[in-house]
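Asker: Take a look at the letters that make up each chain.
Number of protein chains: 2
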Amino acid sequence: MLARVSSTPTFKRLPRAVREQQMLDAAVKVFSRRGFHAASMDEIAEDAGISKPMVYAYLGTKEELFVACLHREGTRMMEAIAGAAAPDLPADERLWRGLRAFFGFVGAHRDGWAVLYRQARGEQPFAGELATMRGRLVEVVAGMLDHALRVEGREVGPTDLEVVAYALVGATESLADWLADHPEADPEKTATRMMNVAWLGAAQLLDGAAWHPPQS
Amino acid sequence: MLARVSSTPTFKRLPRAVREQQMLDAAVKVFSRRGFHAASMDEIAEDAGISKPMVYAYLGTKEELFVACLHREGTRMMEAIAGAAAPDLPADERLWRGLRAFFGFVGAHRDGWAVLYRQARGEQPFAGELATMRGRLVEVVAGMLDHALRVEGREVGPTDLEVVAYALVGATESLADWLADHPEADPEKTATRMMNVAWLGAAQLLDGAAWHPPQS
DNA sequence: GCGTAACCTTACGCACGAGTAGGTATGCTC
DNA sequence: GAGCATACCTACTCGTGCGTAAGGTTACGC
Chain C
1 MLARVSSTPT FKRLPRAVRE QQMLDAAVKV FSRRGFHAAS MDEIAEDAGI SKPMVYAYLG
61 TKEELFVACL HREGTRMMEA IAGAAAPDLP ADERLWRGLR AFFGFVGAHR DGWAVLYRQA
121 RGEQPFAGEL ATMRGRLVEV VAGMLDHALR VEGREVGPTD LEVVAYALVG ATESLADWLA
181 DHPEADPEKT ATRMMNVAWL GAAQLLDGAA WHPPQS
Chain V
1001 MLARVSSTPT FKRLPRAVRE QQMLDAAVKV FSRRGFHAAS MDEIAEDAGI SKPMVYAYLG
1061 TKEELFVACL HREGTRMMEA IAGAAAPDLP ADERLWRGLR AFFGFVGAHR DGWAVLYRQA
1121 RGEQPFAGEL ATMRGRLVEV VAGMLDHALR VEGREVGPTD LEVVAYALVG ATESLADWLA
1181 DHPEADPEKT ATRMMNVAWL GAAQLLDGAA WHPPQS
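Top to bottom, those sequences are chains C and V. Residue 155 in this note's numbering sits at position 155 of the first sequence, and the numbers go up by one each step. So the mapping is simple: this note's numbering equals the position in the second sequence, first residue as 1, plus 1000.
It should be emphasised that the hints constitute simulated quantities derived from the structure, not laboratory data. Ideal Cβ placement from N, Cα and C applies to all residues, glycine included. Be aware that one or more of the hints could be misleading.
A short, non-exhaustive set of chain C residues, derived as facing chain V with CB atoms under 8 Å [to be verified]:
1) 156
2) 160
3) 174
4) 195
Could you build the full structure based on these sequences and the hints that come with them?
Answerer: This is the structure we're talking about:
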């Protein structure tokens, strides 16, 4: 239909690997804007500058496409964090670097990341996938706390540890949401604030402090 | 079709108010199990023991139905919290009672609440609705912190306050998710754990402690 | 220069589920 | 016990959007 008459061919042929990345970029963008269901494969294809059957040929079903997005973004994030928080550092230093990397990542992928995660949380097929990633993060944080505790010669039940880690991860994600919704906010500063909440609290706990409910 | 021949009429006629509650119960259940989109009006109707047009007659569109669910559950939750945390108590006492009420509520509405919130977060039309509620909660927490600070003669920028409150609320919601996924867990104990993280951290902050990033 | 394979297209089938039209039974009022 | 309002049903329409069949076109090897 669109006559390719002009000397400059409107669109070039590209190798598979390149197209796949373009498609994933488009998919992340559209999924995050519209949400999984409201996003149409047609729109994703159009946004990627390609036609629909190509998407199916390369990335498969809509669900599979979404999972691919999740994986790519999730892996990138995990790598950013893991690369920053070397395991041989003291706990506070690790936590700080991890947080900074995390918020830096979210700040750089505002629309992409946060909304993808907001999406995946709700939809049945993906919630598990997301929970797994989240679980790995929680484990890392719990391991960090546990290590710090052992250094101090103290110990705490594994459930307690897990729950505290869970709370910390939750607080961090919550601030990430906040950051994603406030384009003017500074990731570095947000990380500092989170560090204050997390570490000042954690430091107390590590010192053996404990709060107990009044009159049982 | 189903002959009502037997002496006991299979289903009685019920006044509107009752049926509406049944429908809402069914809707909450199905929406939380399946997610907003995967849930079908047919299934909700069937689960409520009623036929589809009735649902439309009483509660309107699928979206309107979901909003109705959101409102009912949200109001219940807010009332549970507000009823527990009287504003004339000291900050730690207020926080503790609020947390206990909150986790108690989630524990009692496990499948209903948590998943409804997980849902609403992702879907475009409802995210705003949810954000408003959440915002009110954040404000309450921030107000509490601010009050405690003023009593101590200290002050902090409004953004800092908001962000800390945001982190606290996020951590709490995260633990609520955890609670919803762990049927064997005890709400009271979870509240205590959350209180440890929140208060021990908050107490430090209220004392004027602050963490700063190493070598700028 | 010509075949072949990868790239890319238009145009459709089809299922699924929201929302509705129109009709039936039941309780309540006088 | 007639009439009216309200509760309730079966059985349909119709849009939307996923996924695909079948066929063009460009690059590249030989």
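Asker: Against the structure, test the hints numbered earlier, and report the numbers of the ones violated in rising order.
Answerer: Hint 1 is the one this structure does not satisfy, whereas the remaining hints hold.
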